[in-house]
Amino acid sequence: MANSANIDGPGTLSVTRDLVVQFFEWFGNLSIFCARWVWAAFAPPYELRELVRQFDELGSKSLPLVAIAGAATGIVLTLSTRDSLIRFGAKSLLPAVVVFSIIKESGPIITALVVSGRAAAGIGAELGAMKVTEQIDAMEASAVNPYKFLVATRVLACMLMLPLLTLISDFCGIVMGWVANTAAEPISLQLFIHDGFKDVTFNDFLPATLKTAVFGLIIGVISCFQGMHASGGTEGVERAATNSVVLASLFIILADVLLVRLILVFFS
Amino acid sequence: MVSRQTLRKQPPETSSKQANGEQKAPSLHVESLTKSFGRQTVLKGINLEVAQGETLSVLGRSGTGKSVLLKLLIGLLQPDSGSIQVNGEEVTNLPLKELNEVRKKVGFLFQQAALYDSLTVEENVAFPLRRHSKMCNDQRNKRVRELLASVGMEKDAHKLPAELSGGMQKRVGLARALALRPEILLFDEPTAGLDPITAAETDDLILRLQKERHMASVVVTHDIHGARAVSDRLALLRDGEILIEGTFADLRKSRDPFVMQFLHGS
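These protein sequence lines are chains A and B, in that order.
Per the working numbering: the first sequence = residues 1 to 268.
Per the working numbering: the second sequence = residues 1 to 266.
Pulled out of the complex, with its shape left as it was, chain B reads as follows (with noise of 0.2 Å):
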């Protein structure tokens, strides 16, 4: 079994680059985001940076914007104002064909996975590949069976999503997301609606990824523990606006109320 203790990711590289000086660019920069549906602002002058190699975990209530900061980060959604960079590059306004070329740098996973259910499970995979990559189709087959036995579902790889539980859905969609060698992974909810054990797993499977690919992270949940597992930063949103960022142990010595009641559920 998997414990949550065993997985905690432990304290960001940047962190030591930081203090001798040698500051990387961010691999994503978010600066005064702000984004309404009709009346209602969800979020108000958001920002937020996140270093290569670094997870930066988004909490906050259900409904409180999460989601749609990731579509805003990927071009999904366009903001109201502010501004998006990926890699330096600001992608806020971009024409669709530069855009579709920042896409290619950042994957997604979808909450619930959004795998293509008219397709199996390897087709999933391939589908990016098949797209964006010049591989013939031997070498294609070969790195769709790297991305499965990289998270586990190489025995599944000619099921259908519909035959899949949650958990293997998500680690299917994981792997489309790695399909083109991101440097920058958005999670969305990766955890959500899974059991105790499965989430565990699934937290050990980000943890691992990262390790292996350095890539930069942001992780939208509500799941405090999750978070603290795979995350060296953490946000926390309410009504729009990020009320505190910092390590986990930062959170901890806040005696806010909201982030009292967020971190302890009362």
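Here chain A stands alone, though its shape is the one from the complex (with noise of 0.2 Å):
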């Protein structure tokens, strides 16, 4: 027995002082990642023309994704609202109910978490394809940093285009949660729509939009941190690919859940 525990010991100790190790390391790089993209970022000249091409590939081409999503939501949280609030006798609350998620919560994380799927693959992929193809090394060669040209770009547009589409999914959402109940029990737009705001303010809706721009920096910098280290061949895109998708998630509900708290704190 003891000498079992002799054995196993070390074993253990060592394998959770390298985890933890890597833990550190890897926030460490991506500290490091994070300076030198925001340095670039804010030190002229300015890569315009690669920001405008980088809102188009992130936002219009995630646009027909979102716009579908925020629409499946908002059929779904109607009809399963609808028959819970009819047990409790407040089926007149539905419109507002819609609306108050939508805009609140579901709108803000689902548009997220598509984009996450969509973007941060595509950015890793694309990033991980040219470290590993010396892409961006002949970049570096060129004289131009990789880090203003390549990862600044793409963060700012996730960061700016988040919010707008935020936007369209929560319109989506609203728009066919109105046509799910329409189906069950007609009533008009406008009505459905007035009972919905009457009661939202700005403070309802401004930091839950906004917040979606923190999830656009975590898209975009847990992606292009993937793809700027990517290494070994087309396993090591592919690697790229995956983990970007699968941390930006990660991060993303994890981020919610702060914000959410501080959004209560500061905004109720």
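These are calculated hints, taken from the structure and not from any lab test.
Do not take every clue at face value.
[Stated by the list, open to error] Computed list of lysine to any residue pairs in SDA-like fashion (alpha-carbon distance at most 20 Å, straight line):
1. LYS44/B / SER32/B
2. LYS44/B / THR64/B
3. LYS134/B / ASP195/A
4. LYS104/B / ARG181/B
5. LYS198/A / PHE267/A
6. LYS104/A / ASP195/A
7. LYS104/B / VAL144/A
8. LYS91/A / VAL76/A
9. LYS61/A / GLU50/A
10. LYS105/B / VAL144/A
11. LYS97/B / ARG36/A
12. LYS104/B / ALA40/A
13. LYS44/B / ARG181/B
14. LYS104/B / GLU47/A
15. LYS134/B / GLU50/A
16. LYS97/B / PRO45/A
17. LYS105/B / GLN52/B
18. LYS104/B / TYR46/A
19. LYS97/B / TRP39/A
20. LYS134/B / PRO45/A
21. LYS134/B / ARG145/B
22. LYS134/B / VAL144/A
23. LYS134/B / PRO182/B
[What the hints assert, rightly or not] Here are some chain A residues pointing at chain B (derived, C-beta under 7 Å):
24. GLN135
25. ASP137
26. ALA138
27. GLU140
28. ALA141
29. SER142
30. ALA143
31. VAL144
32. GLU185
[Said to hold, decoys possible] Here are the in silico distance ranges between beta carbons for each label pair:
33. ARG61/B / ALA72/A: 50 to 60 Å
34. PHE55/A / HIS158/B: 17 to 27 Å
35. SER83/B / GLU105/A: 56 to 66 Å
36. ALA149/B / LEU254/A: 27 to 37 Å
37. THR242/A / GLY193/B: 21 to 31 Å
38. HIS158/B / LEU254/A: 38 to 48 Å
39. PHE55/A / SER83/B: 38 to 48 Å
40. PRO45/A / GLY246/B: 40 to 50 Å
Beta carbons: idealized from backbone N, C-alpha and C, even for Gly.
Take each chain as given, in its own frame, and dock them per the hints.
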């Protein structure tokens, strides 16, 4: 027994120590990475042309997906909430419940997760492929800072496009919520909107929408970091793309916990 | 068909200049350069000099640190110790802004060309010009057309890199490397992965460009025939050190078993 403990003990300790070291090393590298792209982003000259291209890549190409996800969320939310509200005799509150749920939580988080799935994988794979095929080295050799040209533009595009995409997702969710409700019990769109928004204030709407800029920051930083640190050929590219999606989604959910609490403290 | 026998570079002008006591400061001066990755020391105290208009080929087996040497020369990697001077300016530990000024004077042809795959051929060549020159659109387009014509790729200007063969990609990579009129050109395995005819054509192109532009060049390769065709001098790397340096004739005179094996392949 004692011998077994002696044999297993150092091994477990060693593995734990390695994991802790890797954890702090990862965060250390991420911090250095963030410092480099922030420094590059604010120092002229600015890569406006590439930034606009990234707006298009991220915004217009994510738009259909975000609209469909928002619409589906609105329908599901309406159908499931309607049944519960009828049971409690609060059917008239349905528009308000749908609108509040969508603008305060469902819209932002669904949009962030959908964009995370599409854009984070895309950015991670694109930069990963550029890294393993020496395109990033070629850029540096041409005296162009890849942190400015590739990273800063993508992170800023993610931060600026997420709130706009969230607005579109919210709109689609609310309209399709009305459609789902009307299919069961006809109600005019005007009345649905009136009932839904009559108690909504900017404190309900703005912080929840603007917090998606933080989700955009997470998507941009994590996916660029994974891509820029890819190594080992196609396997490395695949790993960068997968890790980008998994880590970005995880950090978005964790950040949401914190942000919801902060919004409640400062905007309630 | 291009024969490598017809391509061979003539003895360098630098030799006669040196004999007359007109020796120029080297474009590239490397002294005691050392680089390790973890516990593995890849380069152990490398010393090299390349004068303007001269071509040095660095030969060696795969994995001996040839590409690492090129990346050190342009600051993509930092050496553990030693000195690298480009046109008399020390580049190790230079701040990024100053290092970028040096990089503008150095062209780099990567092993797989490293063309930006989301940009067309002409956009790839225009990439450094767009960032580092004050040319208007018309001037830039004219310059891109000239560069592509100089490597015989003007008809493929609108293609994406994925639509090009390996040899064509290297030609475009060379045009991009020449865009800022560099004084030094670095080639990482310029003929690797090419068929013998395309490799000979690439060697021919390198020779012609060297003759026209009179740049200092470093060619990293394990293709002894290509190196002989384009170089004034050759240096053979083994175990992170330069085993022998000199003309092809000097290497042929060597009785070292590794040199003999490298030259004759058996």
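Now the hints, each set against the structure:
Taking the CA atoms of LYS44/B and SER32/B, the gap is near 7 Å; set against the 20 Å cutoff, the hint holds. For the hint pairing LYS44/B with THR64/B, the CA-to-CA distance comes to about 11 Å; that is within 20 Å, so the pair holds. Our distance criterion of 20 Å between C-alpha atoms is broken by LYS134/B and ASP195/A, whose separation comes to about 59 Å. Between the alpha carbons of LYS104/B and ARG181/B the distance comes to roughly 8 Å, so the proposed pair stays at or under 20 Å and holds.
Proposed proximity of LYS198/A and PHE267/A is supported: the alpha carbons are some 18 Å apart, at most 20 Å. A threshold of 20 Å between alpha carbons decides the hint, and for LYS104/A with ASP195/A the separation of about 16 Å falls inside it, so the pair holds. Distance hint between LYS104/B and VAL144/A is fulfilled; the C-alpha atoms sit about 10 Å from each other, no more than 20 Å. For the hint pairing LYS91/A with VAL76/A, the CA-to-CA distance comes to about 16 Å; that is within 20 Å, so the pair holds.
Annotation: proposed proximity of LYS61/A to GLU50/A holds, straight-line Cα distance about 16 Å (limit 20 Å). With a C-alpha separation of about 13 Å, the suggested pairing of LYS105/B with VAL144/A holds against the 20 Å cut-off. Under the criterion of a C-alpha separation no larger than 20 Å, the hint pairing LYS97/B with ARG36/A is consistent with the structure, at around 14 Å. Our distance criterion of 20 Å between C-alpha atoms is met by LYS104/B and ALA40/A, whose separation comes to about 19 Å.
Only pairs whose Cα atoms come within 20 Å are accepted, and LYS44/B paired with ARG181/B is rejected, the gap being roughly 32 Å. For the given pair, LYS104/B sits about 19 Å from GLU47/A by alpha-carbon distance, which is consistent with the 20 Å threshold. With a CA separation close to 18 Å, the supplied pair LYS134/B and GLU50/A stays within the 20 Å bound. The suggested pairing of LYS97/B with PRO45/A holds, with an alpha-carbon distance near 12 Å, which does not exceed 20 Å.
The suggested pairing of LYS105/B with GLN52/B holds, with an alpha-carbon distance near 13 Å, which does not exceed 20 Å. Taking the CA atoms of LYS104/B and TYR46/A, the gap is about 19 Å. The hint holds against a cut of 20 Å. Distance restraint check for LYS97/B and TRP39/A: the Cα-Cα separation of roughly 13 Å lies within the 20 Å cut-off, and the hinted pair is therefore satisfied. With a C-alpha separation of about 13 Å, the suggested pairing of LYS134/B with PRO45/A holds against the 20 Å cut-off.
For a cut-off of 20 Å, the pair hint linking LYS134/B to ARG145/B stands: about 17 Å separates their Cα positions. Taken as a hint, the LYS134/B and VAL144/A pair is honoured in the structure, with Cα atoms around 15 Å apart against an allowance of 20 Å. About 17 Å separates the Cα atoms of LYS134/B and PRO182/B, which keeps this hinted pair within 20 Å; it holds. Annotation: GLN135/A was flagged as interfacial toward chain B, and the flag holds, the nearest CB pair being 5 Å apart, inside 7 Å.
With 7 Å as the threshold, the beta carbon of ASP137/A comes within range of chain B, its nearest partner Cβ sitting at about 5 Å, so the hint holds. Interface restraint check: ALA138/A against chain B, minimum CB-CB distance 4 Å, threshold 7 Å, status holds. Hint on GLU140/A holds. Least Cβ distance to chain B is approximately 6 Å, under the 7 Å limit. At a threshold of 7 Å, the smallest CB-CB gap from ALA141/A to chain B is about 4 Å, leaving the interface hint in force.
About 4 Å separates the beta-carbon of SER142/A from the nearest beta-carbon of chain B, less than 7 Å, and the hint is met. For ALA143/A, the interface hint holds, the least distance from its beta-carbon to any beta-carbon of chain B being 4 Å, beneath 7 Å. Hint status for VAL144/A relative to chain B: holds, with the closest Cβ pair at about 6 Å, below 7 Å. Taking 7 Å as the C-beta contact cut-off toward chain B, the hint placing GLU185/A at the interface is violated, the least distance being around 51 Å.
With their beta carbons about 59 Å apart, ARG61/B and ALA72/A fall inside the hinted range of 50 to 60 Å. As the Cβ distance of PHE55/A to HIS158/B is approximately 25 Å, the hint placing it in 17 to 27 Å holds. Here the CB-CB span from SER83/B to GLU105/A is close to 60 Å, well matched to the stated 56 to 66 Å. In this structure the hint that ALA149/B and LEU254/A lie 27 to 37 Å apart at CB is violated, the actual value being about 56 Å.
Between THR242/A and GLY193/B the Cβ separation comes to about 29 Å, which falls inside the hinted range of 21 to 31 Å. Judged by the Cβ atoms, the range 38 to 48 Å given for HIS158/B and LEU254/A holds: they are separated by roughly 46 Å. Hint check: PHE55/A to SER83/B, Cβ distance near 45 Å, so the stated range 38 to 48 Å holds. Taken as a hint, the range 40 to 50 Å holds for the pair PRO45/A and GLY246/B, whose Cβ atoms sit roughly 46 Å apart.
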